[in-house]
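Engineer: Given chain W, put chain P in place with the hints provided.
Chains as they are written, first to last, in this note's numbering: chain W, 1 to 114; chain P, 1 to 117.
I should point out that these hints are in silico values taken from the structure, not numbers from a laboratory. All the given hints hold, so there is nothing to weed out.
Short derived list, chain P residues pointing at chain W, Cβ under 8 Å:
#, residue
1, F91
2, S102
3, F107
4, G110
In silico contact screen, one side only, chain P against chain W (beta carbon under 7 Å); selected entries:
#, residue
5, L45
6, R50
7, R109
Computed from a prediction, not measured in an experiment: that's the story for all the values here. Yeah, the Cβ is synthetic: ideal placement off N, Cα and C, and Gly gets one too.
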Amino acid sequence: DAGVIQSPRHEVTEMGQEVTLRCKPISGHDYLFWYRQTMMRGLELLIYFNNNVPIDDSGMPEDRFSAKMPNASFSTLKIQPSEPRDSAVYFCASSLVSSYNEQFFGPGTRLTVL
Amino acid sequence: AQKVTQAQTEISVVEKEDVTLDCVYETRDTTYYLFWYKQPPSGELVFLIRRNSFDEQNEISGRYSWNFQKSTSSFNFTITASQVVDSAVYFCALSEAGTGGSYIPTFGRGTSLIVHP
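Chain W on its own, in the form it takes in the complex (with noise of 0.2 Å):
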């Protein structure tokens, strides 16, 4: 059975350019989180979604940051513009039933921005 599938694996854009960071969750989970890890400041939850809803942005840094979750099976995360501060990698995670369960992650995507 697949796991979480994030793409790209990596991305290197420049500073101003929009970037999009997709995930496709474990069948049958109704709940997704997005997630960035950087050495300054660890994992942060950014946003997650229950049943396709968004429940809690308060983690998303910036209005430059959105994300969406059109259907059960994919959600994307959207820096428009990026900035150099917003490297870092993104992890996709999704759970079953109920958020207090294990968060299957996905491979992450290392974004860069120069």
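Structural biologist: Just chain P, lined up with the frame of chain W:
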């Protein structure tokens, strides 16, 4: 507010040594969940264990064991007879009720374990 402290930033051991990774948490809730995840060099976080606040029994899984003590707000993780493959960053996480009653995890900063052959 919730907080997870992993005071050990990095631990270096030689293969076959036992090693304990500390995790101290803060919460005012009576119902909460504690987790450990492993992040190997490949980068993907892997779930190891979950404990709820009402279950203080220690857990053993092969060479891994976990000691949950509410009295000291700790959920420590011990690897017995460490192996090179145990080299990874280990995260402790705490979930308590958040928006809409969902339990949202807060992760500690992680402990990097290096096991030398």
